[in-house]
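Below, each chain spelled out in residue letters.
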Amino acid sequence: MDKILARLEERFPGRATTRQRPDLAFVTIEAAWLREAALHLRDREGFTHLVLLTAVDWLEAGQFQLTYLLHNRARACDIGLRVMLARDAATMESIHDLWPTGATYQRELREMFGIDFPGSPRVDAEFILEGWIGPPPYRRDFDTLAFAESNFRHREGRETRDPAAHMKHKLYPEKG
Amino acid sequence: MKDDSRKFPLRPELEPREVKTPDGQTITVDPLRDYFCEAAPRVHAPVYVKIVEDFFNWARSESLWILGFGTGCGAIEMRPLMTPRFDAYRFGIQWRPTPRQANLLMISGYLSVKTLKRAIRSYEQMQSPKYVVGLGSCTINGGMYFDSYNTIKRLDDYLPVDLYIAGCMPRPEALLKGFEDLKKIIRAGKAEGANAYAENFAQYKERQKAVIHDWDMPDYNW
Amino acid sequence: MVYLALATGFALILLGLYGAITRRNLLRLIVGFTVADTGTHLVMVSVGYLPGRTAPILGAAVPPEVAALRIIDPVPQALVLTAIVIGLGVTALMLAYAWRIYATRGTLDISRLRQLKW
Amino acid sequence: MDFQWIKVAYALLTLFIVLNYGLLMTAVIQKMGARAGRRYGIRVYQNYIDLLKNYVLRSKITHGYMYYLGPVFRLTGGIGLLLFVPTIYGSEMWANFSFSGDLILALYFVFFGTLGMALGAGESGHPLSALGVSRGLSQVTSAELPFAIAVFAVALQYQTLSVTEIVAAQQGGVMSWTLFTNPFAVAAAMLGFLGSMMRAPFDVVLAPQEIPIGPPTEFHSAYLALLQTNRNIFPVAKIVIYMNLFFGGAASWPVFGIKVFLLYLVSAFVGVAFPRFRVEQSVRFFLIWGVPLAIVGLYWV
Amino acid sequence: MVSAISIIAIGLGAAFLLGLMREGREALAHALTVLALGAMSAVAVGWLWLLGPGGAAVQEITTAGTMPPFAINLRVGLTEAVALVMITLAGLASALHMRAVLLRMGRRAMAVLLIAVMALAGIVMTRDLFNLFVFFELAAISTGGMVLLSDDEDALGAGFKYMIVAQIVSILLLIGIIFAYHATGSLNIDDMGGLAAMGGGAALAVFLVVAALVLETKPFPANGWALDIYQAAHPGFSAILSAGTGTAALIAVDKFAGAGGAALAPVLTGLGLLTFVAANLLGLAQTNDRRLLGYSSVAQTGLILAVIGQREALGESYLLIAGGLLVGHAIAKAGLFWLSGLVKGRDLTDWATLRRSPLLVFAMATFLAMLLGLPPFPGFYAKWALVHGLVASGGGALVALVLIGALIEAGYLLRWFGFTMKREASEAVASTPAELALVLAVALAGWGAGWIWGEVGPYENLLRAPALLLALAFLLLDWLPARVKNVAAIAALIGGFAASFASYDPLQMIFAAIIMPGGAVILLASFYEHGRRVGFYPSAMLMFAGMAMLIVAQSSFGFFAAWEVLTVGSYFLILRGKYSEPHALSYVLFSLGGAFAIMAGFALASGGMANFTMAALAQVPLTLAPWVFILLALGFMTKTAAIGLHIWLPGAHAEAETDVSPMVSGILLKAGLFGLMVLMLQMGSPSLYGVKLTYVLLWIGALTALIGNLIAAFQEDAKRLLAYSSIGQMGYAIFGIALMNHLGWLMALMFVINHYIYKSMLFLSVGGVAKRTGTRLMYKMGGLIALMPLSFIAVLIGIIAMSGVPPLSGFGGRWIFYNAIMESDARAPMIVIFLSGPIAFLYLFRLIHSIFLGQLKDENRRLREAPFWIVLPQMLYTAFLLVFAVVPGLALRRVDGYLSTIFPEHGLNWDGLTIRSDYGYWSPVSVMAVTVGIFASVLLLLVLLNHRAQKVKQFNIVYSAERPFRPETTHFAWNFFAPYRKALGFLLAPLATTFWDGVTGSLHGAADFLRRFYTGDGQHYAYHVLGFVLVLILIVGGGL
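Protein chains in written order, with the working numbering: chain A, 503 to 678; chain B, 30 to 251; chain C, 34 to 151; chain D, 84 to 384; chain E, -3 to 1036.
Do not rely on the hints blindly, as some may be mistaken.
Below 25 Å or equal to it, Euclidean Cα-Cα: the simulated DSS-like pairs (lysine-lysine) are [what the hints assert, rightly or not]:
hint	chain 1	residue 1	chain 2	residue 2
1	B	K49	E	K949
2	D	K342	D	K114
3	B	K49	E	K767
4	E	K340	C	K150
5	B	K234	B	K143
6	B	K36	B	K143
7	B	K213	B	K79
8	B	K143	B	K238
9	E	K949	B	K238
10	B	K234	E	K949
11	B	K219	B	K206
12	B	K36	B	K238
13	B	K219	B	K79
14	B	K219	B	K234
15	B	K234	E	K947
16	B	K206	D	K114
17	E	K574	E	K767
18	B	K234	B	K36
19	E	K574	B	K49
Hints in this document: simulated from the structure, not taken from any laboratory.
Given only the sequences and the hints, what does the whole structure look like? Please build it.
Laid out in structure tokens, this is it:
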């Protein structure tokens, strides 16, 4: 694992590396290098399996973090490649030609985060949502409650209780 | 927040298309009209003689055939009903794999918009008299999904619900009790949801279409 | 004498045929056949020859009454004459062919005339 | 033979008895299956309620004429089969319409309902109906084979094709039943019996899990009720044939009730004990086990 | 009458005159040539007239005022006259045909042509050996000259090769002549009888002369030169070469055969047959039309050579046979060569241009039929007589060779005809009226020859058979619109039936009923066709005529002739289908193969007797009977498409036209059944090595039923499905008659009627649907029930009847079937037939489901019901089936009564409404009444409950809460019985197809390999000739 990371470091230097577990590490690299790094890992290091491709919305930093989690079956270890994208220009190179499953992940990210992957098959087709009329719902600046209130009719008289406060009130009414 | 101006074009397979017939003519096929029956649902009056209708209602209540359609987490909760411990069969309840033969639609938990479309279709494909039971608080008022952008908040807006069983989720015992109550409602002749649906068809459709933005089926799925 | 002629005739035939089937040149081939023809004629004549008799010319030397005993059989000779004439015709035709072939194809090699086969 | 109108009354009575018997018997057998699974099981009269409910359903749809007629064919097939076979041995009246034809008529009349049902299911346009029909026909044709050979063996054995005469030949004690005089033929026929009863391991046609219930997918209300009615008559009618051919027939209604019940129980027992065959597996099963048995039975005669 | 020698005189004189003419007067020269040839022909025809009908004595022509052997003499007998007529007429016709060419080439060419004809006439007439040589040389020189004058460069090579061989032949001949003369002191052939026995040089003489003469007949393998000539020369000249030179050479061999003595016969026969088989085999690999004709000529000549060899054995029919073959060959080959002159391209497929002209197609069909020896041409009589003659003299192996060779020949000739009829045609063939008239005249001459042979021979004249004449009359009517002809055809069928109605016994009656009135009902569907439908009616009526003649045939010859007629008619009929070319070919080849088996069987049975009645089959000696039975049964089973011989049927039936499929399936198949019935009626069940042959038939029937049904279940193509189903159904029928008991036959006969009805009905419905939908693939249809209700009803009734479900008439068949097998003790095949029974249900359901049920497709939404005229017969059939279902006694009872005369035991008892057998009973009326009663009650109940049902459309189905995407993806029809295929697919291994593919493949491979022997090098051909002579010496050395 160390050697793999070292070799990765050697080819794509100067990026932050996190060792989560002995068999799991995350490497943050430039978006432009992702393809080469992925190819390197896939073809040279045996990380043949794309476990997942997911995104995190760092609203405060104005960035999306893409994580390409790759798995090496022979060594039973994983490396996550992280790429930071600007939120306002969320476009990333497609990797559907490296892993066909990538296309599905990218469709999901496109729908849920609004991250574009030009060239990925059917990337603009609807994925989970049918007839969606709001902004990408997984973006943290999307107010799901407001959307729900405007889109759905609610039943009157619904109460929401904080479970902790409710239980406290129920069990220890004397404490007020 | 929501962009009401966004319109969804008809799905390609439903758009009218030009087809060349074997003898060389070109004809237009409009799938929505040619492949789907366009008739609106009818109100079916009860049998005129009350005692006969009561007898029929008794039979209906003692022969509840549930459509095997699980929507949310309740789908799991319903399985124990078949097991020796609860054994719903002894109450005349059984599960049917096709809506044509079922007369009870259990909405077992939260219902996303996408699933709602399927639930409506299944409901409409059942033959009346037919009953809807909402399971769990999600069907009542959204429950813990009150702020979800994609789950409906109250089922009776969209389908004529005869009975709600509250809980998150209700246990099988609660379900059995619910069935008993439903039977009472049916026997009392009050479970006329199908007729209500037909009577207020326009209103139901309006509400359904308000949340299902890409309506891609005929108004009534026979 | 007769047998010698006969043998020579057959030898000529074989020789001619050998030439005809081994030479590629059309002209040589025709010559081969001519030789074989000649051999044939020789054979014919020698078959019809009876030793000690005279040529079948009726006249003073051979009166018709005794002709049957004195002359050799005239028929083979007549045949040979005819055969020679016909052979000439055939040879001429073959030569004509050779000439036409040379004119159109520019070759006299028989192995080059294989356009038609199978 | 002169036709007597009273026969019609007897036929209707037979039908009534058999229908009720079938409704109750299937419920009892289902209950026994439930008890085997430690369940309480359905109520004994549940079948009546279901049937009634389906008959009085308010709304119904139709996919076309053949769809409409399919259940009619099916039920006609069931009733016809019942009435073309003498139900009670020794009784002219309970022989119903068996004067119309012999064993062969019964064998081929089975297909009347099958064909009509398949056509009706086909017209519904549902692919799974067609799939179910495909599976059903494939399986039934191979299940019929050992049965047909066994039947032929029996016919050869008794030198007659008349059901009545076959039963007559088996009178005189249990040991003169075909079951004991030609056990191989009976074994083969019983395999065919299992195959045609639509129970596990040969129930892939209805396959409640993978394809929603096969041919009757689109049938509902009175259509379904007719099919249900048939479900209660047809197996009994079929068992009557088996009973007559192999198990000495029935000389009275009580004997009839017991024999039919026991025979039905065989398929129920096998059904709860075995998992399901795929179609090609059951086809092979019948060819590998059923047919050789039947052939032995045929040469046994 | 002028002396026949004037033929030679006129030829020579005219040739001289031509030589004297000035250049530039070609038209005049041609006129002179034609005149001269005309005069020669006139003399020849005159002599033929005198010698034939006139009954004049053989004319001996002496020359030089002395008697032979001192002078040359010539002779004109009947044989010579026939040959002379052919040669001179061929010359005349070629001169006319080649007018443009001759004008261009000038008077020399015309002179050479005249010399050639003259020389050939001389060869025929002369009785002097040396004179023969001279004429041969003249013929060779003129041939060489003609070729030399050709424009074709390739012709030069061919001509030179020819000259080389001619030289060798002349050397052989000369030496032979001189030794012959030496031995006999005479040159007269008449003096040379028994020459071979004289010893010394005589043996050599005979050998050399025979070798030379035989070489002139172009024997295999020393014939490469001849093929080149055929290919390269102008077709007009090739015609002379084929019709004239071949004839002359054969006459020469025939003349000298007497000299060779008995020992020569086997050599000639062997050579001839070798040539016949080998040349035909090589013909298989040809694509050049003229070369193909060349191979065919060589083959035919070889066959005649073999006949000459068998002269003694054939006895008095020798002339009939040899003459028939010769005349047929000469006319056909000349005609074909002239036709080839009209066709631009040289590939066989280029002949498709002929198709634009029906007259030319007629001519070509005539010529091919003559070559193949189909009725009513001379070759047919000749082949029949030849096979009988050979069998009579114990030449069974020779018969086999002859028939195999003939079958191969049929293979390539009919393939060629298929190309002509079916391949892409560029433009119409450009022919002048004169050329057309010439070809037609030759074709008519062929028919005339057929008439003559019919009259002269010891058999019935087929051209006098009213049925055949009626069918041929439709050739003359072919210019009428199709509908008019259709009325005429229906009238002819009905009229024919009415006329002969009274004379049939019940067995014939059943077949006659489905052939004539049945055919008329199918023809109703033909009203749908517009235009002229050129060729349809003659073919159809030919088939019907053949069938009609078949069922009343008394003698084996009549039976066989009818069989051939119906084969030919149905072949033309099947060939009309759009893509039916290969299938029609395989049909006709199997049929001809079967016909040859039948011919051999009859010959074997009759021991070579000419007039052998069918009833006499019963008297065939026990040692022969099984073999006769096998041959005949094999022949009949090619028609019923029994397993192994079935591979022609699916394509032929499926690709045929809509109204042809029911004819060939519903009616034609019954011919084989009829044959088998007659066979068993007469012969019973012979045993071979202790095995009853009917028991073997039982197995064949059972396996056929199983495989036919099984394959049918897996077809996607509706018509192919029906076709395979026919195979299966015929298997049932064979099984039924092979049971050899009363009920088995009753079943088979019921089957004849039932199968006719429901198969015709189904083929018509499916054909109508296919017409509307433009496809035969079932999965592309679907949901047509609402659009085509009548067709649906027809198919529904049809499949209920066919599957034997009560209450329709099919059940009657099943019931009888079970009763029939109760009597039989053959249990093993029964198991197989049990297996196949339910499978029929599979394919029938698939048929109706995939077409009429399920999902309607986009493009089919506006389809209309099938055309009225196609539906009308279906409705008639439906009505008939329903009536037949209630009162099967209508036909059954008569047949039952009739069968009691054959199988007196185990019949049916007609007990009021109930039918009783020994084992069971059946009351169709009560079954119908009870079923209808129950059905009506249940339906009433349902209507009462569900009368307000909402009619929904095709996508209103439960679809796991989704909706269907497109009808194409929702219609479950393709590979409908996938699990069944998984379980039983191993039974479908195409063993028969592989086997027959292997046979044809290896034949083609052998042909392609063998023909490389003809390298094209003249010297190699010279080796071949010399080698041939050497081998001949080695062979004869033992014999002489």
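Here's how the hints hold up against the structure:
Under the criterion of a C-alpha separation no larger than 25 Å, the hint pairing K49 (chain B) with K949 (chain E) is consistent with the structure, at around 21 Å. Distance restraint check for K342 (chain D) and K114 (chain D): the Cα-Cα separation of roughly 19 Å lies within the 25 Å cut-off, and the hinted pair is therefore satisfied. Restraint check: the Cα-Cα separation between K49 (chain B) and K767 (chain E) comes to about 15 Å, which is no more than 25 Å; the hinted pair holds. Of the supplied pair hints, the one linking K340 (chain E) and K150 (chain C) holds, its CA atoms being roughly 21 Å apart against a limit of 25 Å.
Pair hint K234 (chain B) plus K143 (chain B) holds up; C-alpha atoms about 15 Å apart against a cutoff of 25 Å. For the hint pairing K36 (chain B) with K143 (chain B), the CA-to-CA distance comes to about 17 Å; that is within 25 Å, so the pair holds. Pair hint K213 (chain B) plus K79 (chain B) holds up; C-alpha atoms about 16 Å apart against a cutoff of 25 Å. Distance check on the hinted pair: K143 (chain B) and K238 (chain B) sit about 12 Å apart at the alpha-carbon level, within 25 Å; holds.
Between K949 (chain E) and K238 (chain B) the alpha-carbon distance is near 23 Å, which keeps this suggested pair within the 25 Å criterion. For the suggested pair K234 (chain B) and K949 (chain E), the alpha carbons sit about 21 Å apart, so the restraint of at most 25 Å is met. For the proposed pair K219 (chain B) and K206 (chain B), the alpha carbon gap of about 18 Å is at most 25 Å, so the pair holds. With a C-alpha separation of about 12 Å, the suggested pairing of K36 (chain B) with K238 (chain B) holds against the 25 Å cut-off.
Pair hint K219 (chain B) plus K79 (chain B) holds up; C-alpha atoms about 13 Å apart against a cutoff of 25 Å. Our distance criterion of 25 Å between C-alpha atoms is met by K219 (chain B) and K234 (chain B), whose separation comes to about 23 Å. Among the hinted pairs, K234 (chain B) with K947 (chain E) is consistent with the structure: their alpha-carbon atoms are about 22 Å apart, no more than 25 Å. For a cut-off of 25 Å, the pair hint linking K206 (chain B) to K114 (chain D) stands: about 23 Å separates their Cα positions.
Distance check on the hinted pair: K574 (chain E) and K767 (chain E) sit about 13 Å apart at the alpha-carbon level, within 25 Å; holds. Under the criterion of a C-alpha separation no larger than 25 Å, the hint pairing K234 (chain B) with K36 (chain B) is consistent with the structure, at around 18 Å. Restraint check for K574 (chain E) and K49 (chain B): satisfied, since their Cα atoms lie roughly 23 Å apart, inside the 25 Å limit.
Checked against the numbered hints above, the structure violates none of them.
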